[in-house]
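**Student:** Model the placement of chain B on the given structure of chain A, informed by the hints.
So the protein lines, in turn, are chains A and B. Residue numbers for the first sequence follow my numbering, so the first one is 472 and each next one is one higher. Residue numbers for the second sequence follow my numbering, so the first one is 472 and each next one is one higher.
Derived by calculation from the structure, the hints in this document are not laboratory data. There's no promise every hint is true.
Identical chains blur together in the list; that is why a pair holds if it fits in one copy or across any two.
[What the hints assert, rightly or not] DSSO-like mimics (lysine-lysine), calculated; alpha carbons at most 30 Å apart, straight line: (1) Lys780 - Lys810; (2) Lys518 - Lys688; (3) Lys816 - Lys545; (4) Lys763 - Lys811; (5) Lys844 - Lys810; (6) Lys551 - Lys742; (7) Lys762 - Lys477; (8) Lys477 - Lys574; (9) Lys659 - Lys709; (10) Lys555 - Lys477; (11) Lys658 - Lys588.
Number of protein chains: 2
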Amino acid sequence: MDGPLKNLLVLDLTRVLVGPYCTMVLSDLGARVIKVEAPGAGDDSRKFGPFIEEYSAYFMSLNRGKESIALNLKDKEDKKIFDKILEKADVLVENFKPGTLEKWGYGWRDVCKKYPKLIYASASGFGQTGPLRELPAYDMVVQGMGGLMSVTGQPNSEPTRVGTSIGDITAGLFTAIGINAALYDRKKTGKGTYIDVSMLDCQIAILENAIARYLSKKEIPKPMGSRHPSIAPFEAFKTMDSHIIIAAGNDKLFEKLCELLNIYEISNDEKFNTNSARSKNMDELKVILEKKLSSKSTSDWISLMEKDKIPCGPIFNIKQAVENPQIKSRNMIVNSFHKKIGEFKTAGNPIKMSNYKDSKTRGDIPDLDEHRKKIIEEFCN
Amino acid sequence: MDGPLKNLLVLDLTRVLVGPYCTMVLSDLGARVIKVEAPGAGDDSRKFGPFIEEYSAYFMSLNRGKESIALNLKDKEDKKIFDKILEKADVLVENFKPGTLEKWGYGWRDVCKKYPKLIYASASGFGQTGPLRELPAYDMVVQGMGGLMSVTGQPNSEPTRVGTSIGDITAGLFTAIGINAALYDRKKTGKGTYIDVSMLDCQIAILENAIARYLSKKEIPKPMGSRHPSIAPFEAFKTMDSHIIIAAGNDKLFEKLCELLNIYEISNDEKFNTNSARSKNMDELKVILEKKLSSKSTSDWISLMEKDKIPCGPIFNIKQAVENPQIKSRNMIVNSFHKKIGEFKTAGNPIKMSNYKDSKTRGDIPDLDEHRKKIIEEFCN
Chain A
472 MDGPLKNLLV
482 LDLTRVLVGP
492 YCTMVLSDLG
502 ARVIKVEAPG
512 AGDDSRKFGP
522 FIEEYSAYFM
532 SLNRGKESIA
542 LNLKDKEDKK
552 IFDKILEKAD
562 VLVENFKPGT
572 LEKWGYGWRD
582 VCKKYPKLIY
592 ASASGFGQTG
602 PLRELPAYDM
612 VVQGMGGLMS
622 VTGQPNSEPT
632 RVGTSIGDIT
642 AGLFTAIGIN
652 AALYDRKKTG
662 KGTYIDVSML
672 DCQIAILENA
682 IARYLSKKEI
692 PKPMGSRHPS
702 IAPFEAFKTM
712 DSHIIIAAGN
722 DKLFEKLCEL
732 LNIYEISNDE
742 KFNTNSARSK
752 NMDELKVILE
762 KKLSSKSTSD
772 WISLMEKDKI
782 PCGPIFNIKQ
792 AVENPQIKSR
802 NMIVNSFHKK
812 IGEFKTAGNP
822 IKMSNYKDSK
832 TRGDIPDLDE
842 HRKKIIEEFC
852 N
Chain B
472 MDGPLKNLLV
482 LDLTRVLVGP
492 YCTMVLSDLG
502 ARVIKVEAPG
512 AGDDSRKFGP
522 FIEEYSAYFM
532 SLNRGKESIA
542 LNLKDKEDKK
552 IFDKILEKAD
562 VLVENFKPGT
572 LEKWGYGWRD
582 VCKKYPKLIY
592 ASASGFGQTG
602 PLRELPAYDM
612 VVQGMGGLMS
622 VTGQPNSEPT
632 RVGTSIGDIT
642 AGLFTAIGIN
652 AALYDRKKTG
662 KGTYIDVSML
672 DCQIAILENA
682 IARYLSKKEI
692 PKPMGSRHPS
702 IAPFEAFKTM
712 DSHIIIAAGN
722 DKLFEKLCEL
732 LNIYEISNDE
742 KFNTNSARSK
752 NMDELKVILE
762 KKLSSKSTSD
772 WISLMEKDKI
782 PCGPIFNIKQ
792 AVENPQIKSR
802 NMIVNSFHKK
812 IGEFKTAGNP
822 IKMSNYKDSK
832 TRGDIPDLDE
842 HRKKIIEEFC
852 N
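So here's chain A without its partners, still in its complex pose (with noise of 0.2 Å):
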């Protein structure tokens, strides 16, 4: 891969989701990935479903080009062999529970005195301070301790999470950050750095509105469905076949909506015709929109909306998602390719730069210790 992190060696100590995704978006943007894993078993999603024969199609995603190196960092000459990578390395990458690699010595403290323009970062599910860092970490137990899950699901219902893994992928985004960041900065400053990403701590920086909401009118918000919190009209609504999403957040928006619908009047109505209005009835207000919009399905709505730049879009199911025009002309589906099952294909890289050619494919999947004897040529001899 090319990119802005060519030739620079990410040691790659991650399991699972948090770090795996950081270390992906690094190996997208053109890093050399090494990823050590525990011998026999590997990296632990190497076992999580979905499969295609016997291999993960979760482990292929996240872990497509990079190479794979098995070692027993208890092990004297296992450690030997890491260490050698470990001089070359440029940045370290860990989401074990904190204190397991100090047991090994290769804690952050250990490290840096010798290699001290290592960039070594640490993803784990609570921090490395506080009351809290030995607990292990989980997305569900993260997505709840955050305050995430009190927010999303329907009024009353009960809890729902996310539908996907968002407290593993905002820690490994926000730990990618700081890894560049970092990067940018031993440039500056020739030294390397330590970084601490939890996953709790992330859930609380994208609270957002609610948040906002909770510091500064101790109101505690609840989930609310698909409407937003604080404009409207702003939701999901019903048609005749299935639903669509309207985004008509200001007056203006609002009364090009009622005239395409017949009813322009409503506009006017004091009870809608402010979005604090709005956002007061708005119960009142979707049973009169859905009424209207029971006679046509979503795709004539959203025909007759966008020629009259009403916001507004369909719910995709993954597959309509994935075959979304728009996201093939984006280079959103990559390949990657699996010396047994052939071609794979997986999401691509959102950072689209001029500088560098957004690459058609990715590196092939690798084996458990695949890479062993290339690894230990190229940095033990």
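**Tutor:** Positioned in the frame of chain A, the structure of chain B alone reads:
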């Protein structure tokens, strides 16, 4: 603010969320951010609730520590001021509809000839290319079209959005990664770059399990409430007083859980003795577990499970999430200041770096055009 991006000048042409979130992250890393707002109204989000007196807590939480100048980029005199700042800027960030800055003579192609070292980042709803490039960007629309809403919610429930504007936020994070990588790249090559991030692309990039499932098996995943799509038990369960999240995804943890609940025989039952068996029979298992869990409160169960190292947690509302001692000890709620309303609390920076102090404060909240005089004196003399 001290940090790896200290002494960098970011010229911030962004409004509402995706762009301001990105420049907030850059500001938290030490960059100086000059926010250029439309004369008169300024950033639209100055009018978004919640409000403290007449000030938007939403705007304040995203723009603390930035400087504000109001410039009309169609006006000759204002353009002269803008040009002077642009001359010194390291990074330009914007989230207008594609084509808008071109019309005013500040498209990337125009600007890069004069300032080849400038890093120019555009965040938009659908990207600068492709059939949908002209459509306006709204988080709700992007959550709907990106597939995330199709896997979030209760089975067969009404459409459910993620309770935070994850469409904007993830795109803001990817843009920040791109900018930092470009800064590192510029240190090597001396060249700036153009960065094009689409909110919709970013939704595809975070689909994780769901996209692996579709691309490898042509399965179309559906919303599953709080249940994990491929690990079991990994969801929220009813207790005597509320809910508990249990993430006992491997056989050992499941055995421990069964032991604690006095149903050890269950862990040997072939309906439940492997992850794939449990996944298949999760409805039945949930009834068994909830019957047992109904005898104690969530906090009692958490104490017991933590002793046994069974991963678990509560579902916190926003108040509980913010008041968690872990969050306090991690400095995740920081102070800013507004001339009229005084102290203002907001979320902190989850990227903790050993080389820089994690400040307990952020710069002041800018009124519209507050720094005009100072900026003109500095750049135009």
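**Student:** Take the hints in turn and mark each one as holding or not.
**Tutor:** Here is how each hint holds up against the structure:
no.: 1; hint: Lys780 - Lys810; verdict: neither (48 Å within a copy, 39 Å between copies)
no.: 2; hint: Lys518 - Lys688; verdict: between (46 Å within a copy, 16 Å between copies)
no.: 3; hint: Lys816 - Lys545; verdict: neither (36 Å within a copy, 45 Å between copies)
no.: 4; hint: Lys763 - Lys811; verdict: neither (54 Å within a copy, 46 Å between copies)
no.: 5; hint: Lys844 - Lys810; verdict: within (18 Å within a copy, 64 Å between copies)
no.: 6; hint: Lys551 - Lys742; verdict: neither (73 Å within a copy, 45 Å between copies)
no.: 7; hint: Lys762 - Lys477; verdict: neither (56 Å within a copy, 55 Å between copies)
no.: 8; hint: Lys477 - Lys574; verdict: neither (32 Å within a copy, 35 Å between copies)
no.: 9; hint: Lys659 - Lys709; verdict: neither (56 Å within a copy, 54 Å between copies)
no.: 10; hint: Lys555 - Lys477; verdict: within (20 Å within a copy, 34 Å between copies)
no.: 11; hint: Lys658 - Lys588; verdict: both (10 Å within a copy, 16 Å between copies)
Going down the numbered hints, you'll see the structure goes against 1, 3, 4, 6, 7, 8 and 9, while the others check out.
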